[in-house]
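Engineer: Sequence:
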Amino acid sequence: PDNVYVGANDPVVKSIATVEGADVGKFEQLTLDKTPVSTTVTDEPGTPGNPGGSNEGDLVKVTITADQTSVAENVKPTFTVHINTALAHDLVVTLSNNAQVTIKAGETSAPYTHDAQGDDVYQDAGQISLGITSAVDATGATFENLELGGAASVQVTDTTDEVVAKLTATPSVTEGGEITYTITLTNKDGLPIDKHAALTFTLDDGKTTITIPANGTTGTATVTAPDNVYVGANDPVVKSIATVEGADVGKFEQLTLDKTPVSTSVTDEPGTPGNEGDLVKVTITADQTSVAENVKPTFTVHVNQPLAHDLVVTLSNNAQVTIKAGETSAPYTHDAQGDDVYQDAGEISLGINSAVDATGATFENLELGGAAKVDVTDTTDEVVAKLTATPSVTEGGEITYTITLTNKDGLPINNHSALTFTLSDGKTVITVPANG
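For the sequence shown, my numbering begins at 6 and goes up steadily by one.
It is worth saying that the hints were derived from the structure and are not from the lab.
Keep in mind that a hint or two might mislead.
To be verified - Here are the simulated lysine-lysine pairs, DSS-like style, with alpha carbons at most 30 Å apart:
no.	residue 1	residue 2
1	Lys-81	Lys-200
2	Lys-264	Lys-81
3	Lys-171	Lys-200
4	Lys-264	Lys-286
5	Lys-391	Lys-413
6	Lys-212	Lys-264
All figures in this text were calculated on a predicted structure; none of them were measured in a lab.
Let's have the full structure, built from the sequences with the hints guiding it.
Structural biologist: So this is what it looks like as structure tokens:
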């Protein structure tokens, strides 16, 4: 007999059992000596325990093959472990990944399923190589001539697992408030997204950037919402993802930018109008503290900030002044009090009745300032009372005396009560009537 094990050969023992033949009965006495005879069986030269020469022992060759040439990264590759001859005992084979496979006694192969490389979102095609570390008889017997084959390899191909970058924003803010933009990376199958360098996204305004840190899935940025002085005049803020940059952008199997715009509504401050709204304050100032009564005083109408539209201001004398869009003031010239011959110094007071947007927009918080004043001083305008008389009369005739009031500039002399003049004789009295 012959086997694959070292020192496991029982001696061959035999004895005569029977005899047959045509002349068996011809013998006077044919005796069968049934004493057993024994033959020892040794291992081939060169086997362990029987040195000498090369190993001529019975070969036990253990090999491994891959059942497929390639698999997708999310598929478990299978291998088969083979032996070249069926054995009397189980064979325990240890693989290079420390897994063990048992080929049952009497069989020549056993299957093995390797873990999948693992589905992920990154480009990482490669191969799985699996070899044989050892093969031992389950009973502890030693093989005469054990040979282990080389490793088997399976190519691993990428699947296409999409990662979507999606933008969200604060849905509503008060004007001037902070809008928070967030970009989130997701995979529909929930695969990890944790092996990449930082990614920087730029929104379609060309200014707002959002960075997702290395190995992260979210990043945020804040932007101040627009603010204006008008009620209900806030356009929504709309933004979307434009581009992405980063060292590992190309590492993803498929990185998709969801460019769906996100919109944030911008509301007026609470209580507008009347209120926490943006203040529009309209005031008036006099350009001089005093003017003579014959001089036109000038005023300036102010607004505390440039506006998007013209502002029409109605003054307390019903005159209107327009402050142009983008400007903060406009001049106004008031009529002079008027030059006259009387003592009537005083002041000119000018206030603001209203201020309205030229387009009809309503202000969130409109405040009108108080009146401005200019003192008016008298000029000195002389009135001359001149006496004239009849130049010549016949004795006993009538002499007419006349007193006339005049001003060299022709100013009116028509705002006085009666004036009574007495001539130098102490007796003659001349009266200039009221307003005369």
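Engineer: Indicate, hint by hint, whether the structure satisfies it.
Structural biologist: Verification of the hints:
1. Distance hint between Lys-81 and Lys-200 is fulfilled; the C-alpha atoms sit about 22 Å from each other, no more than 30 Å.
2. Note on Lys-264 and Lys-81: the hinted pairing is violated, with a Cα-Cα distance of about 36 Å set against a maximum of 30 Å.
3. For the proposed pair Lys-171 and Lys-200, the alpha carbon gap of about 19 Å is at most 30 Å, so the pair holds.
4. The suggested pairing of Lys-264 with Lys-286 is violated, with an alpha-carbon distance near 42 Å, which exceeds 30 Å.
5. Between Lys-391 and Lys-413 the alpha-carbon distance is near 13 Å, which keeps this suggested pair within the 30 Å criterion.
6. Pair hint Lys-212 plus Lys-264 holds up; C-alpha atoms about 16 Å apart against a cutoff of 30 Å.
In this structure, the hints that do not hold are numbers 2, 4, in rising order.
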